[in-house]
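Trainee: If you read the sequences in order, they're chains A and B. Going by numbering that gives the first Met the number 0, 387 is the number at position 388 of the first sequence; the sequence numbering is gapless. Going by numbering that gives the first Met the number 0, 643 is the number at position 644 of the second sequence; the sequence numbering is gapless.
Among the hints, a few may not be true.
It does not matter which identical chain is meant; a pair holds if it fits inside one copy or across any two.
As the list claims (entries may be wrong) - Only pairs whose alpha carbons sit at most 27 Å apart, straight line, appear in this in silico DSSO-like list of lysine-lysine:
(1) Lys249 / Lys412
(2) Lys18 / Lys260
(3) Lys615 / Lys56
(4) Lys552 / Lys664
(5) Lys249 / Lys615
(6) Lys667 / Lys326
Worth flagging that the hints you see were computed from the coordinates, not collected in a lab.
2 protein chains.
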Amino acid sequence: MKYNKCWLNFNPINNYGDKEFLTEIIVCTGNKENNSLIIDNAIKELTEALNKMLNIKVDQRILASEDEAATVKSGIILKLTDDSTLKEEGFSIKQIGEAVYIEAKTDKGLLYGSFDLIRRIAQGQSIRGLNITENPKNNFRMLNHWDNMDGSIERGYSGNSFFFENDEIILDERIVDYARLIASVGINATVINNVNVHEAATELITDRYLGKLRTMADIFAGYGIKLYLSANFAAPIELGGLPVSDPLDKDVEEWWKNCIKKVYEYIPHFGGFLIKADSEGRPGPFTYGRTHAEGANLLARILKPYGGILIWRCFVYNCQQDWRDYKTDRARAAYDNFIGLDGEFDDNVILQIKNGPMDFQVREPVSPLFGGLKNTNMILEVQAAQEYTGHQKDVCYLIPMWKEVLDFETYAKKDGSTVADIVSGRAYNQVNCGMAAVSNTGNDYNWTGNDLAASNLYGFGRLAWNTELSSEQIAMEWIKQTFPHEDKVINTVHEILMKSWPVYEKYTSPLGIGWMVNPNNHYGPNVDGYEYDRWGTYHRADRDGMGVDRTVKNGTGYAGQYNEPLASMYENIETCPEELLLFFHYVRYDYKLKTGKTLIQHIYDTHFEGVEEVEKMIEGWKELKGLIPDDVHDRVSARFNMQLENAIEWRDRVNTYFYRKSGVKDEKGRKIF
Amino acid sequence: MKYNKCWLNFNPINNYGDKEFLTEIIVCTGNKENNSLIIDNAIKELTEALNKMLNIKVDQRILASEDEAATVKSGIILKLTDDSTLKEEGFSIKQIGEAVYIEAKTDKGLLYGSFDLIRRIAQGQSIRGLNITENPKNNFRMLNHWDNMDGSIERGYSGNSFFFENDEIILDERIVDYARLIASVGINATVINNVNVHEAATELITDRYLGKLRTMADIFAGYGIKLYLSANFAAPIELGGLPVSDPLDKDVEEWWKNCIKKVYEYIPHFGGFLIKADSEGRPGPFTYGRTHAEGANLLARILKPYGGILIWRCFVYNCQQDWRDYKTDRARAAYDNFIGLDGEFDDNVILQIKNGPMDFQVREPVSPLFGGLKNTNMILEVQAAQEYTGHQKDVCYLIPMWKEVLDFETYAKKDGSTVADIVSGRAYNQVNCGMAAVSNTGNDYNWTGNDLAASNLYGFGRLAWNTELSSEQIAMEWIKQTFPHEDKVINTVHEILMKSWPVYEKYTSPLGIGWMVNPNNHYGPNVDGYEYDRWGTYHRADRDGMGVDRTVKNGTGYAGQYNEPLASMYENIETCPEELLLFFHYVRYDYKLKTGKTLIQHIYDTHFEGVEEVEKMIEGWKELKGLIPDDVHDRVSARFNMQLENAIEWRDRVNTYFYRKSGVKDEKGRKIF
């Protein structure tokens, strides 16, 4: 087999107690949707899962009427209902008598309920007395694949694309298993091509590819997933031969109308477009003196009659900055570019905003746009692909990071306005909102390069469905569906995952300053790698201290983009959260942190500790040899070796760099070069 | 036309006074070589040059006997002679009565004499009363082209190869003009393919290419130039299918015997091989526990019966160094690797040694190998390609650098042992010695990217012929053969050339420390670019000072590789030449230089001055508009714009880097970021 099934491996569960409820599957759709591919898939999943996990060969019965369903005494009953407590994708599971009822308003709800039941069984949980109702917190739960048509993946660390190869679309069994995997954790939308749309990818919206895309979209639809595409804002020029792609140009509008009409002729259930415009060299409305609202609304208006959505990325900044310029601040850019447009976007436009103001660093403050925009649909964009967090060589379980972002109180409203409140639509009664993750998948055997990185893909889906799940719980769910149910295995992997982000942070760039990576590939340390470059990513370290002054009083003013009391909290070095100290302030090496340590000693200590903790994780992992399949153990061990090498290099370079600059010796006399 | 003729453009000379001597060309070969292609070419050059420069249509007469020659009253007489003051390639020129006699022992001497006469006329010099004898100082005067078979050139800054394209050999008129150009300045050998021999280039020594190479070699031979090839030490494996390329293996020896036999069947006048072995990933004898002498001698023994030469590069060092390792010193490597082999190489082996111990930096000490080896043939390798000296965007006339190297007294012998003495063979009565330059040519219209960079190609040839020529004279010769004879033009260009190396040094890395460049491409500043890398190229700057301690007492011991009194001179910070201070010593920023300036102030001053002097060069160049052809002026102006941008970036990054580290302000309060 070319790939495993990750958390859908359906490992056997020994001594499971509740087999008697699970002998049969009965479907009761009432009068509607009695010919649903989604329900067929739900049945297939349940059938396969029960067979593999519990060795039950279930009978399937499709019943048409309520009356008939009422006669059923035992088994799993999938039932469409009008229960008003359920949202379109929600479901309930109730165990009554000898039966388990999965109820939902739609076939999608039944699918999610089925996966939920499987998930519980796979963890060995009893379903006796189960009585739960689940509605997704977010309507949009998306993946963004940065896959290129040649098969490469931008920032991909798990092999090549399973969607594209040599400018052709791949349609094979893996597409089905991909859909199963992501649907099982609640993902309902996916953008399969890179946001940087070049050459052949520009033609995805043409006859050249739409036929095959329809086939793919149909596979996805069977698992409740909508297909989206990244589109090229300059398509009217590149494909249409027009002289401009000005959003106010009539010919451009006409071109897009015809284009989108054709897309929907091929794929009536097409989701819409994701657009990266005026960003890192991509074309956009700025070229024509138009606003991003004018650019986005043009496409949104045309998509609207088809029910299409237009997602517009806010990753817009000056990537030709002069390092000598201390006033321009890339961190300010998204807010500065979009806050003035609040309320100007059509209701089927969603702004997609990265979690932080920079670019997926190991530690950033939350983007102030979330607390700023009040009349604009928003999607929170996180990156499961570990671009700056270890390339899926280093283990870095990212759910705790994303939880912090979701739980962040923006103070946009009086009555609760965390990022989770905002992107779920709760804060402002919005519908077109949610979360997106840059995917960490590729055609590697294990999908994610490092087997442990699958936890981020799993976790993203689960978190997007229910932002109130804890990181610990998500980790535990994933572990139990992935590894044998041995306490030692579960506890060790859980500990590794939960420590991994703090450990990665310790041995890399300190206290929120970010970067310090090798340019271009973004793996491994290079303290000055971006210091004199054009990307707006500086640490400004000198012999006395380091950090970027982003205060209103003396700095770039970025701190003032937050609502109070956040603005004042960040502005003041004494109240600024220490993990973000260097993001907001220039700080002397001899500054005393709340631990009583100086900044420089903190840097030394964390870097030594980071390596030690990697060594400890490796020791723990070694002890799992024989308790988990050898191939998994070997793959992860090989990754850990890379991580240790990387951590040591980070430790030594960062410590040496700052020792050479500060001249301050390590209090503990450890080796610095 | 796709390219110009550089210094062979034969621009018209107005009011030339000595036309009367130049109306006829008479050849007197006595009994020998009366059917020489070289002499035909000499006549062609004279004919074309006199026609274009002086508008003389010369008559040609080929005379067979001395008696007939004696009857000639006026004209240019090319005459073979047995004059014992002449070496094989030497010549004399005498103006007697109405005639100019060019005499030589060989047709090659006559060709060089003809080019010499043309050179004098092209400069507008009178030939009245001329009476000179010239013998080349070096027997080997080589170019090394780093051209790849795909047409790219490693470290090429002048377009693509004119030898290769798409794995094919190009044979066109440009090959002839190339041969004319380099022969005109005395170059007598050329290696046309990159020392890094991969894939198709490995096959140059096979039937696949030898037919075409024969044609090329014949063209070259017509201008007194021998064709050499870079060979792949692993060819017995890659081409022969042998399991090893061990130089002591009988099958390997047999394979090379057959290979070389075939090469000489195709090209009886083939020069030999250049080998880069055990260097930067290239295969070599170390793989098999053999010495470089064993590796080189294997090939030399087989080449010997054919008169072939084996040139072996000494660029052998550990390119996997750990930056944490302060003991390993790349500067020591060539000496350490080769000094123990002195006397072990066959007499048709030549070691090719880079001018400095590192790699063609803007300032390096002279390689201690020149003063160390006493029983080994040596070639001095310099780099006309401006890899670290501005990519032929920045003007950098390199002859003064090479002159310093040639004039360097090694103290290997009591009675004069400069590098020039050694590589000429004078010091140890050797024959197989000389100079090689990595070529700066490509298929650009002007051959060298920057028109002014042609001075380095010209100058290398002239200097290799006569190491006693001054940089100023060489510059002047080149200018007068290239530009209109206007005082303002000549003086301005001469000043630009003579200032250019010191200016480049000023705005780049200070006092011999080298590097500080962007990794890989080697253009533009990146102070820490190689500081934490594996290449052995460190500056070790901290908050107090910078530089590499290479003393015997406290450092790597490199200084001890020199003969006395050099070793002591470099060892002592007070006697170490200041331009090399940071190469040999770690020096505090507050160390007072002989100018009375501190090190840090010296860095600031030179970097500000460097940019100012580029600006002055540009002003000077601007004033030449209208006085020289527009296309030349425009091309060089465009390069100057790049140079200024580069110089400013160097100034600001270096100054900022060291200001941040040292905390010392510029005494003059200039802007540092």
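Trainee: Against each hint, give a clear statement of whether it holds in the structure.
Mentor: Results of checking the hints against the structure:
1. Lys249 / Lys412: neither (40 Å within a copy, 86 Å between copies)
2. Lys18 / Lys260: neither (51 Å within a copy, 82 Å between copies)
3. Lys615 / Lys56: neither (44 Å within a copy, 89 Å between copies)
4. Lys552 / Lys664: between (33 Å within a copy, 25 Å between copies)
5. Lys249 / Lys615: Neither, since 63 Å and 53 Å both go past 27 Å.
6. Lys667 / Lys326: between (39 Å within a copy, 25 Å between copies)
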